[in-house]
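Trainee: Chain residues, written in single-letter form:
Number of protein chains: 2
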Amino acid sequence: MTDEDAQELGITESKEHATGDWYAEVVQKAGIADYAPMGGFIVTRPRGWALWESLKDHLDAKFKATGVDNAYFPLFIPESYLEKEKDVVEGFDPEVAWVTHGGHDELEERLAVRPTSESIIAPFMAQWTRSHRDLPMRLNQWCSVVRWEATETKPFFRTKEFCWQEGHTAHETAEEAWEETMLRLDQYEETYEELLAMPVLRGRKPDHDKFPGAETTTTVEALMPDGKSVQGGTSHDLGTSFAEAFDITYTDEDEAEATAHTTSWGLSWRALGALIMTHSDDQGLVLPPAIAPTQVAIVPIWQEDTREEVLDYADELAADLEDAGLRVDLDDRDTRNPGFKFNEHELHGVPLRIEIGPNEVEDGEATLVHRPDGESVVADRETAVDDVDDALDDVYAKLYDAAEENLEMNVREADEPNQILGTIGQHGGYVKCGWCGDEACETVIKDEIAAEIVMVPLDEDEEPIHEDCAMCGDEALETAYFARTY
Amino acid sequence: MTDEDAQELGITESKEHATGDWYAEVVQKAGIADYAPMGGFIVTRPRGWALWESLKDHLDAKFKATGVDNAYFPLFIPESYLEKEKDVVEGFDPEVAWVTHGGHDELEERLAVRPTSESIIAPFMAQWTRSHRDLPMRLNQWCSVVRWEATETKPFFRTKEFCWQEGHTAHETAEEAWEETMLRLDQYEETYEELLAMPVLRGRKPDHDKFPGAETTTTVEALMPDGKSVQGGTSHDLGTSFAEAFDITYTDEDEAEATAHTTSWGLSWRALGALIMTHSDDQGLVLPPAIAPTQVAIVPIWQEDTREEVLDYADELAADLEDAGLRVDLDDRDTRNPGFKFNEHELHGVPLRIEIGPNEVEDGEATLVHRPDGESVVADRETAVDDVDDALDDVYAKLYDAAEENLEMNVREADEPNQILGTIGQHGGYVKCGWCGDEACETVIKDEIAAEIVMVPLDEDEEPIHEDCAMCGDEALETAYFARTY
Chain A
10 MTDEDAQELG ITESKEHATG DWYAEVVQKA GIADYAPMGG FIVTRPRGWA
60 LWESLKDHLD AKFKATGVDN AYFPLFIPES YLEKEKDVVE GFDPEVAWVT
110 HGGHDELEER LAVRPTSESI IAPFMAQWTR SHRDLPMRLN QWCSVVRWEA
160 TETKPFFRTK EFCWQEGHTA HETAEEAWEE TMLRLDQYEE TYEELLAMPV
210 LRGRKPDHDK FPGAETTTTV EALMPDGKSV QGGTSHDLGT SFAEAFDITY
260 TDEDEAEATA HTTSWGLSWR ALGALIMTHS DDQGLVLPPA IAPTQVAIVP
310 IWQEDTREEV LDYADELAAD LEDAGLRVDL DDRDTRNPGF KFNEHELHGV
360 PLRIEIGPNE VEDGEATLVH RPDGESVVAD RETAVDDVDD ALDDVYAKLY
410 DAAEENLEMN VREADEPNQI LGTIGQHGGY VKCGWCGDEA CETVIKDEIA
460 AEIVMVPLDE DEEPIHEDCA MCGDEALETA YFARTY
Chain B
10 MTDEDAQELG ITESKEHATG DWYAEVVQKA GIADYAPMGG FIVTRPRGWA
60 LWESLKDHLD AKFKATGVDN AYFPLFIPES YLEKEKDVVE GFDPEVAWVT
110 HGGHDELEER LAVRPTSESI IAPFMAQWTR SHRDLPMRLN QWCSVVRWEA
160 TETKPFFRTK EFCWQEGHTA HETAEEAWEE TMLRLDQYEE TYEELLAMPV
210 LRGRKPDHDK FPGAETTTTV EALMPDGKSV QGGTSHDLGT SFAEAFDITY
260 TDEDEAEATA HTTSWGLSWR ALGALIMTHS DDQGLVLPPA IAPTQVAIVP
310 IWQEDTREEV LDYADELAAD LEDAGLRVDL DDRDTRNPGF KFNEHELHGV
360 PLRIEIGPNE VEDGEATLVH RPDGESVVAD RETAVDDVDD ALDDVYAKLY
410 DAAEENLEMN VREADEPNQI LGTIGQHGGY VKCGWCGDEA CETVIKDEIA
460 AEIVMVPLDE DEEPIHEDCA MCGDEALETA YFARTY
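As you go down the protein sequences, you meet chains A and B in turn.
Under the numbering used here, the first residue of the first sequence carries the number 10, and numbering increases by one thereafter.
Under the numbering used here, the first residue of the second sequence carries the number 10, and numbering increases by one thereafter.
These are computed hints drawn from the structure, not numbers from a lab.
There could be a bad hint or two in this list.
What the hints assert, rightly or not - No farther apart than 20 Å at their CA atoms in a straight line, the calculated lysine-lysine pairs in the PhoX-like style are these:
hint, chain 1, residue 1, chain 2, residue 2
1, B, K95, A, K65
2, B, K219, B, K95
3, A, K95, A, K219
4, B, K407, B, K24
5, A, K38, A, K24
6, B, K24, B, K38
7, A, K65, B, K65
8, A, K24, A, K407
9, B, K65, A, K73
Note that the structure is predicted; figures quoted are calculated from it, not measured.
With the rest of the complex left out, here is chain A:
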């Protein structure tokens, strides 16, 4: 390995001491994304886009299995349509990108590049919903949206254009709309756990932080290793507010006109940011097996006289693993030495490396090396396929357990403002406390350390953990979870 090559592969920043710089370096060096020429925009490279495709396939299958149809609505929304949301949201003033010219001509009406699509989807849902037989209606689209908010660019976490899915549904009753809201939240939680090996907390946003027009905004929150919380996906029960504004009504079974209850829910590529931030380390990317584009990298190690036998042996093993449905890269490049290959597969986050040298061939074995901690296991060739499966399960468990431990260690209690400030200042993570429900009591904390109430428990009947609001001392009505956020 030349010095130049080594430099190209090596992560120089420290996850622990310079998390932001380290994240930016991992994303770029692992070939996940690059910065576009315009601030706030990124280019998602093949290794990054493969992660998004995998996340999309996983979640889309869940949606389709539960009655969701994909559709596609226009990229642009006329200003007058967007304005209609003022009927739902007082003081609505969207920070959007405006198209004002088509070719050489100024447009008669400005078009917003969609920041979210309620205002263009709702009028069509109104048109398509005539009878109770048309309900429930469950639509989803995978697309990108633009919000002119980002200041500094942070790939996947903060970008002006981001990819996401947005689901929009209409139902006959409030109960059905609430069930829908929770079903999608469940699917987000499962996806974080199963695919991304990340535990999340579930909750509601406080009233002052709900999606504009929503009755309830629910959220899954993920704790990052630097102690900040990421909003990992939100699912909104919109009640009848959008249906009233956009006239989504239907004829019920008794031939009476009724107003529908709607929901919307979205998960963005921010999930990829959270994934990368959670598991990766100072050697580069670390990926859970289910989402890794390459699950197993086989690195044959030969001298000139052992080349053929080593490669034949590695070839056969690769074929067996592929037959078992695994995504395998047999790295038989002549132009790179094993050390370079080890580093590169580590940088790229391949969950399991298999080393095959003359010793392995002679002894009928294979050496399996776990990406997260370098644990090395010698497997019998006879049972190698099962052993590799087990090793991938082990890798998943290591990643999930570490994230879970981090989460469990970092939910603390407090009952007065200085304790909240001190705990978050020192440890990060979540601090839960009694809360009277007044936004002003959040502001007390927010102004000091930029921590906010990221959620309150979902069960509205649950007793607050303390009798008094930790900030003002009035009666606590809820339990607030404070954290710094991305």
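Chain A is fixed; fit chain B onto it per the hints.
Mentor: Using the frame of chain A, we list chain B on its own:
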């Protein structure tokens, strides 16, 4: 069936006599697409989007099997980047949508909503291409693009925003770039044949109609039933023009700097328009089995006393067909009678209907009805799964054969202008003739009947079919295919 229901399902326009109106009616009544509030934009409804997803999956699998990586580049392109194409294309003046404001602020530099992404992708390919080891580089993205050109909206054929894939590749040699160009053209042709049951013609665009900056633009052309040709997908050999303008160079094996050869290739949702236009009829949509979201609709026909046995029998058949991998809809709705269901599945283009009544149960049979021509076949229950497979093959063959016959009957020859005008005027289709290669000779025809040269044969060494240009009488250098187009 009530009158209102019947009206809702019935196509009132005639494919033969009012093709445009008929097309618009089928697209809307079959739930494929609706018109958006802004001219030139459409809403793609679930039944339409399912077709696009199926096309995408089919083509994407071919791309991935031949070394293509998906990626995602920004929606916006800075004006200065787009301007850079002036180095490649004289008089480049794109008809694009311009974003001029973000939130309340005017942008320092206007951003174009991408009309195609060469000018944003090429600079990154330049950055990523350093050594010959980085080549070939094959990138593709599935996205929507905007061109401010459409006047009248025609769903999928003419829309200002359209969905497509755009592939962009870089290679060491001109030969490799040409092979890539042809490989993608082959994959487009195969997709039309296999998935859409449509034969296409392959050719090159005349020089004056090439993609700006391309050495060669190749095309697959599909003949519509109204005699017009649709450009079904294009694959461009860009030579070194983009690589020179955007500095896509690499160090070759001898450590010398060399310029890459690039290609780009795209297929849009216009393919769906061509699909619908080709096979559908005055009863509604007709879909080939491979792309149909529902391949088989089972309609049980019962009286009160036979309900249970009929439904049980239909249930089991549905399960067997699903186990065989077919997409089945067992239409057991109580709220609709069989006549309504027949009409609805016909409107939606379900390739095969299976009728199950008490007679079928008693005789151990199933009645299979082909969508394209209503042919009805009685199958034995024992062999029903195989018979359904065969019936779906028959449906495919009927559709493909009809389209092929239409194509074969509609390629005619001519050797003087009036013959070209008369033949296209009377029959539509393609007229092939000798051509000197001068654009002025195309204009002679174009000015009269708006037919143009849609392609010339791919093999540049092939002799023209006539010695003289049919328009000017000078020596013919090529064979031109004239047709009216969408």
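Trainee: If a hint holds in the structure, say so; if it doesn't, say that too.
Mentor: Now the hints, each set against the structure:
Annotation: proposed proximity of K95(B) to K65(A) is violated, straight-line Cα distance about 38 Å (limit 20 Å). Proximity of K219(B) to K95(B) is assessed by CA-CA distance (about 16 Å); at most 20 Å being required, the pair is judged to hold. Our distance criterion of 20 Å between C-alpha atoms is met by K95(A) and K219(A), whose separation comes to about 16 Å. Using a Cα cut-off of 20 Å, the hinted pair K407(B) and K24(B) holds, with the two alpha carbons roughly 18 Å apart.
A hinted pair counts as satisfied when its Cα atoms are at most 20 Å apart, and K38(A) with K24(A) qualifies at roughly 14 Å. A hinted pair counts as satisfied when its Cα atoms are at most 20 Å apart, and K24(B) with K38(B) qualifies at roughly 14 Å. Annotation: proposed proximity of K65(A) to K65(B) holds, straight-line Cα distance about 14 Å (limit 20 Å). A distance of roughly 18 Å separates the Cα atoms of K24(A) and K407(A); the hinted pair therefore holds under the 20 Å criterion.
Our distance criterion of 20 Å between C-alpha atoms is met by K65(B) and K73(A), whose separation comes to about 17 Å.
Hint 1 alone, counting from the list given before, is not met by this structure.
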